Structures are given as structure tokens and as C-alpha cells.
Amino acid sequence: MSAHTMSMRDALYEAPGPRTKRLTVIGTIVSLALVCVGLALVVRQFYVTGQLDAKYWAFFARPTTWLYLLNGFVGTVKVAAMAAVISLVLGVLLMLARTSGIKPLAFVARVIIDFFRGVPSLLLIYFFYLGLPTVGIRMSPFWMITIPVALAASGVLAEVFRAGVNAVPKGQTEAALSIGLTPGKTMFKIVLPQALRIVIPSLISQLVVVVKDTTVAYVVSYPDLMQNGRVLITTNDAVVSVYLVTAVIYILVNYAINQLSISMARRSGNPIISRTTENPT
Amino acid sequence: MDFAQILEEYGQNYATAIMQTLSMTALCFCLAMVISILITVMRVSPIKPLRLVGDLYVQIFRNIPGVALLVLVAYALPNIQIVLPWKTCVEVTVVLLASAFGSENFMTGINAIGVGQIEAARSIGLTFTQTMRKIVIPQALRSAVLPMTNLLIATMLTTALGSQVPLNPQELTGLVSYITTRSTGAGIVPFIISAVCYAGMSVLLGVLGNRIDKKVRVLR
Amino acid sequence: MADQTPVIELRHVDKHYGDLHVLQDINLTVHKGEVLVLIGPSGSGKSTLCRTINRLETIDSGEILIEGEPLPQEGKALAQMRAEIGMVFQSFNLFAHKTILQNVTLGPIEVLGIPKAEAASRAMELLRRVGVDAQAAKVPAQLSGGQQQRVAIARSLAMQPKAMLFDEPTSALDPEMINEVLEVMVELAREGMTMVVVTHEMNFARRVSNRVVFMADGQIVEENTPDEFFDHPKTARARDFLDSIKGH
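Protein chains in written order, with my numbering: chain A, 1 to 281; chain B, 1 to 220; chain C, 1 to 248.
By construction, these hints were calculated from the structure, which means they are not laboratory data. From a predicted model like this one, the values you see are computed outputs, not experimental measurements. C-beta: ideal position from N, C-alpha, C; glycine also. Misleading hints may appear alongside valid ones.
[Said to hold, decoys possible] Where chain A lies over chain B, by a calculated footprint (3+ residues, C-beta under 8 Å):
| hint | segment |
| --- | --- |
| 1 | 46-57 |
| 2 | 64-71 |
| 3 | 106-119 |
| 4 | 143-156 |
| 5 | 166-176 |
| 6 | 180-190 |
[Unchecked claim] A few chain C residues that don't get close to chain B, going by computed Cβ distances all over 10 Å:
| hint | residue |
| --- | --- |
| 7 | L20 |
| 8 | L28 |
| 9 | G62 |
| 10 | A83 |
| 11 | E110 |
| 12 | E118 |
| 13 | A120 |
| 14 | L126 |
| 15 | R190 |
| 16 | R207 |
| 17 | D231 |
| 18 | S244 |
[As the list claims (entries may be wrong)] Taking lysine-lysine and the DSSO-like style, the derived pairs with C-alpha atoms no more than 30 Å apart in a straight line are:
| hint | chain 1 | residue 1 | chain 2 | residue 2 |
| --- | --- | --- | --- | --- |
| 19 | B | K214 | A | K170 |
| 20 | B | K214 | C | K116 |
| 21 | C | K138 | C | K162 |
| 22 | C | K116 | C | K76 |
| 23 | C | K76 | A | K21 |
| 24 | B | K134 | B | K215 |
| 25 | A | K21 | B | K134 |
| 26 | C | K162 | B | K134 |
| 27 | C | K138 | B | K214 |
| 28 | C | K98 | C | K138 |
| 29 | B | K134 | A | K170 |
Taking the hints into account, I'd like the entire structure generated from these sequences.
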């Protein structure tokens, strides 16, 4: 039935009568005009301040510019991928500890999870960049950005995994125990593999958070997309165009990741668990 | 330097930094709520261009990294003759980011209501306005409590972007980098103090949000 | 029992979903106090027909009249008309954030402008009638399906409707709860409520209805008194349909 397949925002309105149709048409025309005026004002502002001059955009026609940005993007991918792997492992470990049933261990895991979820990733990065060297721990820029980003993600991932484990039907555990599997084996052979499948869309959507967190790599002078963008700015003396292009690249990449996560969630029927859907504490 | 020495020397700075973080969080969150309501109204309106603008707004600001947006506001805008004070730059950035997520939370709340209740409201003779006022908005607001609590916490963490511009006074993250560069012997203690402040406030807000949610949650 | 005043009239009603012709030249009149049962295989258009009567579904052409007046297309007039025609849904559709009592009083207070206290006492009376007055302070999710559906009926009744539409009211219920809902409906019919009922409950159709309308592929195939229809169906399609459900 058509009424039940339409999206909720369409369902708020019923099929319009003649008056409503007229009002909608008028509203559409007026709002379209407003949007056009707004866009024109923005373009005008760019024009009168000279930001549309060829010198700010011409270097984007050079392949070297894109090669340099691509280099930076590869750096971003490296950091994000490594941070993702580390945070996956840490997330699973923290989740296992939290659900272990061993009280002190569960408590410690919970404190760690709450800590990493409750602290800005920027502070963690400064800790690795400024704090640790003062006590004699030095590492390369790559690890100074990768580890804090991974730690920040691990707290949320632990909770995502926990939600995944909870979503595995209780009967699975009972069945596994009843055929004589130990609790440990039940977890690793039966529950965890199913939980992993459930949380795959959520893990992909968490990748967006990781990619976003890597953008402060310039703090530790690691050449990621943002950092290379900043270099382009100084070499070409073009702030607006470069920052805009970089921002658009990030938006497109994250949009693609989000869409992938949504389509996988839709196909598998598993919801996307994120920090907004689970309980905050 | 140990804990006592740091507090002795920088205690006052920490107090003002906490106030800076909290006041920015409060202001940004309130503005973000107002804007996310506006954006949500646009997104659920029957007028196509408004929907499109609302959807685009959300896709842009939920996918752009905070720093990428901050540099645009703080360093690119002056080039088109829009110069904002540093603090405003941070606040504008945080509000844009948070409002996109806020609108997503409201949309999720609206989607959870289901077509059936809307049809039931119509069938007992409620007008569109009454249906919105009595059925849709109350339920959307109630189911938004938990996600909005998380958004409030995320908003607080996002104000750490303030460390990327010269703020005066500094917020909790900026202060740490200030202390560490100023007193070379400060070690890791300044980080721990700031981190505990953040984490403590996060947990506190979380507990509060959970309590409210339990009271108003809509059973389904 | 049924007199000859028409309450609901459909004249040459047509409707398409894309290529699908879901309602084809439907002509139907429901008289005051009549209980009309719509039956037919799924996808026959019977639910759609029921939903067009209070414009939850629009029609492409034709006319729908309520007490001789054309069905308004929008605005206050449409809301007003809907308030006069009750509707009970397959999935109950109670307001999830309101208590059972508030579900029943919302319409009277907001639409009819009845004072709160009066609305509440009348709502309690109705809840007693359908047997769920003990649950008045609970929220819908705490009730069984059968109880929720009886509340939904009370919610419709609170508007003092001229007629009531039932869109497969027992299809979403567990078997043991079907009767408690049907009993309420039988009681309503006995009191002379004008009813249009889309249902698969053949016993109900036979016992309670004045007229059975059999639909298939968007058309009214057969229309008859329940005894005639069930004992001597005139068309092959109706016979096939009745045979297919006897198999259960």
C-alpha cells in the first residue's frame, strides 16, 4: 500500500487539495527565488573580493597540485586505516573486559571506555605530541596522530561491540552452553562472530569519526590531506580556494563512507549504532 | 612539576578554562538546538527547495571535519571580508556541526512515530497543525532526549577546537598546550587535570540525560 | 433495522496506483444503521476503498458523498467531516506517548472543544463499555493487542461518529484476542451504528452484517445479503474465494 512505503516526512502531509497545491507551488517559487538570491550574494561576495580571480584557481589545473593533494590523502588513509585497526582490537578487548563478569576488570574497562569517550581527541593528540615527550617518550609523527585517534575511537567501538553482543539472541548462548562449549568458547566461536556481523555497518560509520579526527595531523606535522593543503596555501598564496577544495574532498569521502554504511545497514537489516544511539554512560 | 605545584601556579587558569569550555558549550548547544529545529522544519516541509537546502546543510556539516570547517571560518572568510572574533569563529563552527547532528536526531525521532499514528490523528479530525502539536512534536522531542544528551557531550568535546585559534581566555584543551609550552617541567599532569575535567563533565551530563530519558521515554 | 437514508455514497469511484487500477468504477451506498462487510482476496482493493471514505486515500475520479455532501478535499472542512466518521485500523495506531485515557479524550478536547473533566468522564464511560477502564492510566505499549484495539474503538466512539470504518480490525491480533474485539463490534452493530467493515472474519460477516460486498481486482464483483452470499454465491470468483477460505 502506497501509504506505508512512503517516507515519514511525506507521511506528515496528506495528498494535497487544490488550495494546498496552490500554496505549495507559491512556496516553491518563493523559496527557489530566495535560494537563488542567496547563492548570487555568495558568488558576488567572492567576486568583489577578487576570490574568483584566475590566480586563485589556475594551479588546480596543474596535475602536480592534485598529485600533492593525493599524496596527502594517502597519508590520511594510512593514519585512518591504522587507527581503525588498532581501535577495533582495543574496542573488542575493552568490550570483553567490560562484559567479563569479573568485577574489578569490568570496572577498569568501564572507566577506560568512559574516559576515552568523554575526552576530546585533540587533547589526546596534544598529550602524545606535547605531554609524552616531557617524560621521555618519543615517537614519529605518524604514531603521534594515529595512537590518540585510535584511543578516542576505541571507547565508542567498545560500546558498539557491546550493543552488538547484546543483539545476539540469548538462545545462541544457551544452545552453545548446552552442547558443552565453555563460556569462553561460546563467546569466541558463537557470539562474537555474530555480533561482528551485526555491527559492520556501525563500524563503517565510525570510520567517518576516525577520518575527521585525523585532520589535526598538522599539529604533529604529519603530511595528511589537510597538512598538504596548508602547504599548497603558502606556495600559491590562496587560502579560500585551497581550504574549500580540501573541505569538499573530506565531505565527499565521509559522505561516501556514510552512504556505504547506510546501504549495508539497510541490506542486512542491522541498525547503525553510534554514540548518539547508545546510552551516554 | 607535581599536581600541587601545577594547581598552585595554574589553578586560576583552570577555573577560567572550565568556565570558558562550559559557557561555549552552553551557548553553542542552545544555538544548535534552535538551528536544528529550523533545519528540521525545512527538511520535513512539503516545499522541495527548502527540503533540498536542509538535506544539503546536514550532509555538508555532518561530514566536514571540525578543523576543516574552523579554518574556513577563521582563515578563509576574512578573505571575502567576513572577519569574526576568534571566539565567534569557534562558536560558529561548533554550532554548524552540532546543528546538523541535532537535525538528524530530530528526524530519527519523527521517523520513529510511524505513519499509523498520523493517520489515526487525521481520522479523529485533528488538523495538520493539531497533529503536529499534539502527536508529532511531543514524541519527536521525547525520543530526542538521549541522542541530544550525547550531542551535548559531543558539543563540549568539539569546543576543544578553540585550541586551534588564539582564544582569550583559553578553554581546557588550549590551556594545556599553553601550560606545556610555557613550563617545560609540567609533564603530563596538566593533561590529566583537563582530561579528568572533560570526562567528569561528560559522565555527569550522561547520567543527567539518562535520568530525564527514563522519565519521558515513549514506550513502543 | 436499516432505514433508507444514505450515509455514505460512492459514485463511479476510480483510483490507480501507477499502472494498477485499484478501484474500478465503484458504486456503493451505505444506509443509516447498516452494517456492510467488505470481503475479498488480498489486493482486491477493499482496504483502499474503506480508506477513501475519509480521504486517507484520494481518488482519481468519481464522487464520495457523506450524508449527501461531497467529501471536502482539505482544511477544516475535511477535519470536521473526519471527526464525524470513526476509523479503526488494523494496527490500532494508538498515540504512543499518551495514556489510554488521554488517547480517548484527545479528540473530544481538541476537536469538539469539550471541557477536560467532561471529556474524561465520558472517556471512562466508553472504556468501561469496551472493558479496559482498569488500564486507563497505562500507556498503549503496556496493553495487549486486543485491549489496544478496544481502546482504539473507544477513541473513535468518543467523537460520537455518524458511521464507523473498520479496516481489518482483527487481522493483527493473536487468535485468542479476536473475539474480545468482535464482541465490542457486535454490540455496536446491535445499537444501530452505521458500519463499514473490511474483514476476513466470515462468521462475523454472516452473523452481524446486513449486506456483504465481495471485491476482486478493484471491482465489486458481488453484493448480497449474508445468507444469500455465503449459501448461494452467484459468481464463480466468489465461489472460488469462499472455497479457498473454507480450506482453513
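Each hint, compared with the structure:
1. Coverage of the segment 46-57 of chain B by chain A holds [criterion: at least 3 residues with CB-CB distance below 8 Å; count 7].
2. Here the segment 64-71 of chain B counts 7 residues with a CB under 8 Å from a CB of chain A, which clears the bar of 3, and the coverage holds.
3. Here the segment 106-119 of chain B counts 8 residues with a CB under 8 Å from a CB of chain A, which clears the bar of 3, and the coverage holds.
4. A stretch counts as covered by a chain when three or more of its residues have a beta carbon under 8 Å from one of that chain; for the segment 143-156 of chain B and chain A the count is 7, and the coverage holds.
5. For the segment 166-176 of chain B, the assignment as covered by chain A holds, since 3 residues bring a beta-carbon within under 8 Å of that chain's beta-carbons and 3 suffice.
6. Residues of the segment 180-190 of chain B with a Cβ under 8 Å from some Cβ of chain A number 8, which satisfies the need for three, so the listed coverage holds.
7. Against the 10 Å criterion, C:L20 stays outside the reach of chain B, whose nearest CB is about 20 Å from its own CB.
8. For C:L28, the shortest C-beta to C-beta distance to chain B comes to about 20 Å, beyond the 10 Å cut-off, and the non-interface label holds.
9. Every beta carbon of chain B lies more than 10 Å from that of C:G62, the smallest distance being close to 21 Å; the non-interface claim holds.
10. The claim that C:A83 is not at the interface with chain B is violated, since a C-beta of that chain comes within 10 Å of its own (minimum 3 Å).
11. At roughly 6 Å, the least C-beta separation between C:E110 and chain B is not larger than 10 Å, which violates its mark as non-interface.
12. Distance check on C:E118: its Cβ is at least 17 Å (rounded) from any Cβ of chain B, clearing the 10 Å threshold; non-interface status holds.
13. The claim that C:A120 is not at the interface with chain B holds, since no C-beta of that chain comes within 10 Å of its own (minimum 16 Å).
14. No Cβ of chain B comes within 10 Å of the Cβ of C:L126; the nearest lies about 13 Å off, and the non-interface call holds.
15. Listed as a non-interface residue, C:R190 keeps its Cβ farther than 10 Å from every Cβ of chain B; the least gap is roughly 24 Å.
16. No Cβ of chain B comes within 10 Å of the Cβ of C:R207; the nearest lies about 26 Å off, and the non-interface call holds.
17. Every Cβ of chain B is farther than 10 Å from the Cβ of C:D231; the closest lies at roughly 35 Å, confirming the non-interface assignment.
18. Chain B leaves C:S244 outside its interface by the beta-carbon criterion, the shortest separation being 29 Å against a cut-off of 10 Å.
19. Among the hinted pairs, B:K214 with A:K170 is consistent with the structure: their alpha-carbon atoms are about 25 Å apart, no more than 30 Å.
20. With a C-alpha separation of about 28 Å, the suggested pairing of B:K214 with C:K116 holds against the 30 Å cut-off.
21. Distance restraint check for C:K138 and C:K162: the Cα-Cα separation of roughly 29 Å lies within the 30 Å cut-off, and the hinted pair is therefore satisfied.
22. Between C:K116 and C:K76 the CA atoms are separated by roughly 22 Å; this keeps the pair inside 30 Å, and the hint holds.
23. Between C:K76 and A:K21 the CA atoms are separated by roughly 16 Å; this keeps the pair inside 30 Å, and the hint holds.
24. Using a Cα cut-off of 30 Å, the hinted pair B:K134 and B:K215 holds, with the two alpha carbons roughly 19 Å apart.
25. For the proposed pair A:K21 and B:K134, the alpha carbon gap of about 25 Å is at most 30 Å, so the pair holds.
26. The suggested pairing of C:K162 with B:K134 holds, with an alpha-carbon distance near 25 Å, which does not exceed 30 Å.
27. For the hint linking C:K138 to B:K214, the alpha-carbon distance of about 16 Å falls within 30 Å, and the restraint holds.
28. Between the alpha carbons of C:K98 and C:K138 the distance comes to roughly 9 Å, so the proposed pair stays at or under 30 Å and holds.
29. Proximity of B:K134 to A:K170 is assessed by CA-CA distance (about 38 Å); at most 30 Å being required, the pair is judged violated.
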